[in-house]
Amino acid sequence: MSWDEFIVTGDPFILAAQISIVITTIVIVFGLTYFKKWGYLWNEWITTVDHRKIGIMYIIAAILMLFRGGVDALMMRTQLATPNMQFLDAQNYNEIFTTHGTIMIIFMAMPFLIGLMNVAVPLQIGARDLAFPFLNSLSFWTFFMGAMLFNLSFVIGGSPDAGWSAYMPLASNDLSPGPGQNFYLLGLQLSGIGTLATGINFIVTILRMRTKGMTLMRMPMFTWTALITSVIIIFAFPILTVALAMQTFDRLWDTAFFTLQDGGMPMLWANLFWLWGHPEVYIVILPAFGIFSEIISTFARKRLFGYTAMVISIVAISGLSFVVWVHHFFTMGAGAMVNSVFSITTMAIAVPTGVKIFNWLATLHKGKIRFSVPMIWTLGFIPNFTIGGVTGVMLAMAAADYQYHNTYFLVSHFHYVLIAGTVFSCFAGLIYWYPKMFGHKLNERIGRWVFWIFMIGFNITFFPQYFLGLDGMPRRVYTYIPEEGWFSLNFISTIGAFMMGIGFALLIYNIYYSFRYEQRETTGDSWNGRTLEWSTSSAIPPHYNFAKLPKVSGQDAFWEMKQLGEDTNEIKQYEKIHMPNNSANPFVMSVFLFIASFELVFPMVDYCDFRVDWNTCMYDSKVVY
Amino acid sequence: MKFEPEEVKISENTPLEYQSQSGRFNILGFWIFLGAEVALFSTLFGTYFVLINRTASAVQPQELIDLGLVLMMTLVLLTCSFTCGLAVHEMRLNQKKRMIGWLAVTITLGAVFLGLEIYEFVHYVSEGATLSASAYWSSFFLLLGTHGLHVAIGIIWFIFIIIQVVMRDLNTISASKVFIGSLYWHFLDVVWIFIFTGVYLLRLVI
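Those sequence lines, one after another, are chains R and G. Reading the first sequence from the start, the letters are residues 1 to 625 in the working numbering. Reading the second sequence from the start, the letters are residues 626 to 831 in the working numbering.
Treat the hints loosely; a few may be bogus.
What the hints assert, rightly or not - Sample of chain R residues at the chain G side, in silico, Cβ under 10 angstroms:
hint: 1; residue: R68
hint: 2; residue: V71
hint: 3; residue: T82
hint: 4; residue: N84
hint: 5; residue: L88
hint: 6; residue: V242
hint: 7; residue: A243
hint: 8; residue: W253
hint: 9; residue: D254
hint: 10; residue: L320
hint: 11; residue: I511
hint: 12; residue: F515
Stated by the list, open to error - Just a sample of chain R residues kept apart from chain G, beta carbon distances all over 12 angstroms, derived:
hint: 13; residue: F132
hint: 14; residue: L207
hint: 15; residue: F235
hint: 16; residue: A236
hint: 17; residue: D262
hint: 18; residue: F463
FYI, nobody ran anything at the bench for these hints, they're computed from the structure. Quick reminder that beta carbons are idealized off the backbone N, C-alpha and C, glycines included.
Isolated chain R (complex conformation):
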């Protein structure tokens, strides 16, 4: 392997990206040095074990990844805007839809929600930190290094191009040569370590660190969803670990798990991938449900309707999430019996989800609703998500699925649930807890513009895609011809995509604008909240969260305290508390894991060649001098 195979060359877009990466790096390094911020960055952020700072870092990383995934999406939409478009070639298009899917699920949706969980959950249960602060930092840094490794593929070695589901044998050495797919395997493996550790951390925290009187059935709904999500993580992620390991072995060491010869079974990959992949969908939607439950109850100024039913629903969803995976490949031909069973289990998920929708509506009923920005995102979520849910039930019917399978109907369905569910909840949660993280709200006026532009853009993008799908347009095609008649709907869809892009840009502008001009919080209770996180002082609450651990006597603990006129910050007696020290170890360990994974990315033989090349270069240069 020579240098020009190592660094991707010959593509103007990638060249531009490489140049911008170099320039950005120089600017960051120069800026940090000029303003003397290296120490601040190291002491306050990189080595921190504070759950709120780690949460904020998760969210920043997730927003960066949302930008990257969003640019991918806009490039795809531009390519599909008109028939026979020449913007991207087939290979580029394959790479871009692969990285778009992987980044949005693994490096955007999950870290965003885990970030919000980090910020809110310990505060909601009245704890001073997570159970394992050191492990939490390690989780973040392995996730971050995994994400960086995956993104590196863009400029070094080439991106993976076998789809985010990386089906075999498409992702095998024969059909996906080069290191691209290895970046996918190692990047996901590395960040998967962090996710598993996060799951363990939250279960122990929620089970063992609740404050006095905070029984399980008094926990805020977001904490409940965090707990159940963690349980799903514990049982789903090891499956991915094994599947990724097997594909890595197939690619690097010639094993025969998913090969076409030597008895391998390509469909085994699809089964294992979706055995993890479907629970993964619920890992990114359950916390979203939790966020919406918090917001609805706060802004309707009512206790959440049907709390117990909500809890039962989440538990039911988590159980069902493990028994529906075959619906991702009904067309595999497993037979009528198998397809029927999975069809029914899939439709059964609509029941607990429906219960939740009705509970939210019932909470709104006769509530004194305030239409603040988090609330309008939530109100936008309910109808849009329901459209996604209903089309999901359509897809669940195995017989009909033969018609929809791998068309834009499916693409539209999962974007309706993942954007209207997960992305809306990330934005709503970010805006809702923003004062708790940064000590000021985001501007309401700009916030409303963001919502309307993004929400309308979202519908303009994806609603036409249902009809494109019914019209037979398959997913993952990089172009189409005019005779197929897909031009007008595709063009409308592209316009919507750019509206979403503008909405996102405006959200980022709002962060800057609010940082400059928005009024600072004086109390910790920004929204007249109901749960404990609002009882402690705002503007990044002190390192120890609560000066005195609160005592809880019912649901909506802080609301009750306010009704009774209790001052939660009043301290009669000081007591010693212990907070964990900062540590550089998680960062250093993750850097080493990153290096080790990077070594594995380049196939052994080629890698040796590359080393030989390198040595020859060195040797040559010595000869010259």
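On the provided structure of chain R, position chain G as indicated by the hints.
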């Protein structure tokens, strides 16, 4: 982490490893981690059973498996689980030296097991049953290799724990580490029971 919330009263009878909050948290956290390990090995077993007849043109497992050797490995591993239990028992009696002694026996038996397994693998490979010979052998080596890797990690881990106990004495922190190490060790034994029956004994009847 030495702080104690004041409301937690430690009784005399509480085992040392449960006396500190971090000890209790770590033990619970490790149980949950073992839950994840169960999922991990279930996936490996699932893969193994899916691919069990996919030997392609490679050598058949029936021709290679030597149940005598495997029985010996099983006895060694079961015994070291027992000695590991004895070590924890001695720890509860605050007999540091005896505990270290039993841990040393455990490590030694673990190493013997590992040696036998490596011998077995080398033998198979020499007969043509390599990692890439067929889907069956890939899944066989991945399942047993993962178990063997866990045993190797367990041995290294126990060595570090012993060093820590020697240097810092038995306290709430090191005791919880010994206890967690023992949980891990017993778990590997449980997995081996399934490997012994599912991979080896099953070959007697199918």
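Now for the hints, and whether the structure bears them out:
no.: 1; hint: R68; result: 29 angstroms, violated
no.: 2; hint: V71; result: 35 angstroms, violated
no.: 3; hint: T82; result: 45 angstroms, violated
no.: 4; hint: N84; result: 43 angstroms, violated
no.: 5; hint: L88; result: 37 angstroms, violated
no.: 6; hint: V242; result: 4 angstroms, holds
no.: 7; hint: A243; result: 7 angstroms, holds
no.: 8; hint: W253; result: 6 angstroms, holds
no.: 9; hint: D254; result: 4 angstroms, holds
no.: 10; hint: L320; result: 17 angstroms, violated
no.: 11; hint: I511; result: 35 angstroms, violated
no.: 12; hint: F515; result: 36 angstroms, violated
no.: 13; hint: F132; result: 6 angstroms, violated
no.: 14; hint: L207; result: 7 angstroms, violated
no.: 15; hint: F235; result: 5 angstroms, violated
no.: 16; hint: A236; result: 8 angstroms, violated
no.: 17; hint: D262; result: 5 angstroms, violated
no.: 18; hint: F463; result: 39 angstroms, holds
Comparing the model with each earlier hint shows violations of hints 1, 2, 3, 4, 5, 10, 11, 12, 13, 14, 15, 16, 17; every other hint is respected.
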